[in-house]
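Using the sequences and the hints given, assemble the complete structure.
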Amino acid sequence: MPDVNIWALAGTGLVAGTLGSMLGVGGGIMMVPILTLWMGIPIQYAIGSSLVSIVINACTATSVYIDNHVTNLKLGLLMSTTLIPGAVAGAFLASRLSSPVLSLLFGLLMFYVCYTLIPRKPRRLSPEQIEAAKDPHEKVHAPHAWLDGNYYDPAVKQEISYQTHRPVTGMVTGFFGGVISSLLGVGGGIINVPVMNLLMKVPVKAAIATSSLLLAFTTMTGSLIYAYNGYVMPYIIAPIIPGIFLGAQLGTRIARRVQSAALIWIFIAFLLVTSGLMILRALNIF
Amino acid sequence: MQTTTNPQAKLQSLNKRISLALRIGIGIGLALVLAGIVISVIINTPHMSGLTPLSSLVPDLLKLSPAAFVTAGLIIILLLPAVILITSFAHFIATREKQPLIVCVILILMLAASYVLLLK
Numbered sequence: 001m002p003d004v005n006i007w008a009l010a011g012t013g014l015v016a017g018t019l020g021s022m023l024g025v026g027g028g029i030m031m032v033p034i035l036t037l038w039m040g041i042p043i044q045y046a047i048g049s050s051l052v053s054i055v056i057n058a059c060t061a062t063s064v065y066i067d068n069h070v071t072n073l074k075l076g077l078l079m080s081t082t083l084i085p086g087a088v089a090g091a092f093l094a095s096r097l098s099s100p101v102l103s104l105l106f107g108l109l110m111f112y113v114c115y116t117l118i119p120r121k122p123r124r125l126s127p128e129q130i131e132a133a134k135d136p137h138e139k140v141h142a143p144h145a146w147l148d149g150n151y152y153d154p155a156v157k158q159e160i161s162y163q164t165h166r167p168v169t170g171m172v173t174g175f176f177g178g179v180i181s182s183l184l185g186v187g188g189g190i191i192n193v194p195v196m197n198l199l200m201k202v203p204v205k206a207a208i209a210t211s212s213l214l215l216a217f218t219t220m221t222g223s224l225i226y227a228y229n230g231y232v233m234p235y236i237i238a239p240i241i242p243g244i245f246l247g248a249q250l251g252t253r254i255a256r257r258v259q260s261a262a263l264i265w266i267f268i269a270f271l272l273v274t275s276g277l278m279i280l281r282a283l284n285i286f
Numbered sequence: 001m002q003t004t005t006n007p008q009a010k011l012q013s014l015n016k017r018i019s020l021a022l023r024i025g026i027g028i029g030l031a032l033v034l035a036g037i038v039i040s041v042i043i044n045t046p047h048m049s050g051l052t053p054l055s056s057l058v059p060d061l062l063k064l065s066p067a068a069f070v071t072a073g074l075i076i077i078l079l080l081p082a083v084i085l086i087t088s089f090a091h092f093i094a095t096r097e098k099q100p101l102i103v104c105v106i107l108i109l110m111l112a113a114s115y116v117l118l119l120k
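Line order of the protein sequences matches chains A and B.
Numbering follows my numbering, in which position 188 of the first sequence is assigned residue number 188; successive positions increment by one, without gaps.
Numbering follows my numbering, in which position 115 of the second sequence is assigned residue number 115; successive positions increment by one, without gaps.
Watch out, some of these pointers could steer you wrong.
[Unchecked claim] Chain B is nowhere near these chain A residues, computed Cβ spacing over 10 Å in every case:
hint	residue
1	A8
2	M39
3	S95
4	P100
5	Q158
6	V168
7	V172
8	L250
9	A269
[Claimed, not checked] Only pairs whose alpha carbons sit at most 27 Å apart, straight line, appear in this in silico DSS-like list of lysine-lysine:
hint	chain 1	residue 1	chain 2	residue 2
10	B	K16	B	K98
11	A	K157	B	K10
12	B	K98	B	K10
13	A	K201	B	K16
14	B	K63	A	K201
15	B	K98	A	K201
16	A	K157	B	K16
17	A	K157	A	K201
Rather than coming from a laboratory, the hints here were simulated on the basis of the structure.
Glycine is no exception: its CB is placed at the ideal position from the N, C-alpha and C atoms.
Right, dumping it as C-alpha cells:
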C-alpha cells in the first residue's frame, strides 16, 4: 500500500462530496480515479473507501434534502427494493473480477456518464415539464398516486407538484444501478437520476434528492461487504470522511440555488480525461 | 381539505424526524472518526492497520486505539440508512399506509437477509 498524504485525502473528500451532492452522483465517480490514478491505491481499496464515503455523503445530503421536503421518501423506499439486491450482486461480482477488468469497466462507465449528463441539461426545470407535472387532470387519473410528490423550489420561487410514471420500469432499471454501484463503487446516482428524471418524469431536483436516499441504501450494503472482505482501511477512509461531510453540506446548499451549467461541463471534461486514463491503465498503456 | 393536508403534514413531520436522526448519527460518527485521527496524530501512528473486529471494539476503545475509534464511527455511519428505514416503518404503521408499509417490510427483510449472508 503506498504512502498517502492526509491533506490530499481530505481534499479529495471535499471535492468529491461537493460535486457528488450537487449532481446526485455520490462522488465515487471522482474519488475512485483520484485514489487509484493519482495516489496509487489498489482499485478494490479505492472502491471500498469510495462506497463508505458515499454513505456519508448520501446521508448528509439526505438530511438536508429531506428536511426541505425535496426527497420523495416513498419512491426512494420503493426503488430500494430492487437496488439493494443489485448492490449485493455487484459486490460479490467485484470480488471475482481482476483490477484491470474493473478499471476498464469503470472507464467505460464514465464515458456513459458523460453521455447522460449532456442530454439532461436542457431538460432541467423546463416550463413545459413543470406545467405538465402540475396538470390537475393528470393528477386525478394517476395510477400510482402514493408515489406523487411536491416541494418548494427556491430557484423558481414556486411549489412544484409532480406524479411518478412507470415505477416498475424504474425499479427494473434500478437493479442494474445497484449492480454498477457496488461493482464500481460509484453510488449509482449516474443511473438513478436519469432514470427518475427522463423515464419516471420526476423533476430533476427531486430526482437528485431521492437519488441521495437511494445511494444511502445501496452503498450501505456494498460498503459492509467490502469492509467484511478487508477492503476498507482506516488510514485511507478517516481523512476522507470530514472532507466528504463538509463537501456534502456545501454541495446541497449550492444545488438548491444554482443552475450550474458551467460546473457540469467541467465535470464532463474531468470524466473524459479520467475515463481515458482508466482505460489506458486497464490496457497497461498508462 | 383536512384529509389531504393531514397526511402531508404527517409526512413532513416524518421528514423532519429522519433529518434529525441523520444529523445526530452523522455528528456522533464524525466525532468518533475525528477522535481517531487526533489520537493517531498524537501517538504518531499515521498508518492504522485494518478495521477493529467487533469482538475487540470496546476493549480497544478503552485502550484509545485510533483504528477502534474510526471503526466505531464507521459502524454508526453505516447503520444510518437502517435508521431511515425503521423510522419510516414506525411512521407508516401509525398512519396505516399499506403500500409504503409493505415496501418497508420488504426492505427490512432484504437487509436482514444481506447481513445473514454476510455473516455466513
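Consistency of the hints with the structure:
no. : hint            : in the structure
1   : A8              : holds (13 Å)
2   : M39             : holds (14 Å)
3   : S95             : holds (12 Å)
4   : P100            : holds (25 Å)
5   : Q158            : holds (17 Å)
6   : V168            : holds (13 Å)
7   : V172            : holds (16 Å)
8   : L250            : holds (15 Å)
9   : A269            : holds (32 Å)
10  : B:K16 / B:K98   : holds (22 Å)
11  : A:K157 / B:K10  : holds (24 Å)
12  : B:K98 / B:K10   : holds (15 Å)
13  : A:K201 / B:K16  : holds (26 Å)
14  : B:K63 / A:K201  : violated (54 Å)
15  : B:K98 / A:K201  : holds (24 Å)
16  : A:K157 / B:K16  : holds (22 Å)
17  : A:K157 / A:K201 : holds (20 Å)
Taken one by one, the earlier hints fail for this structure only at number 14.
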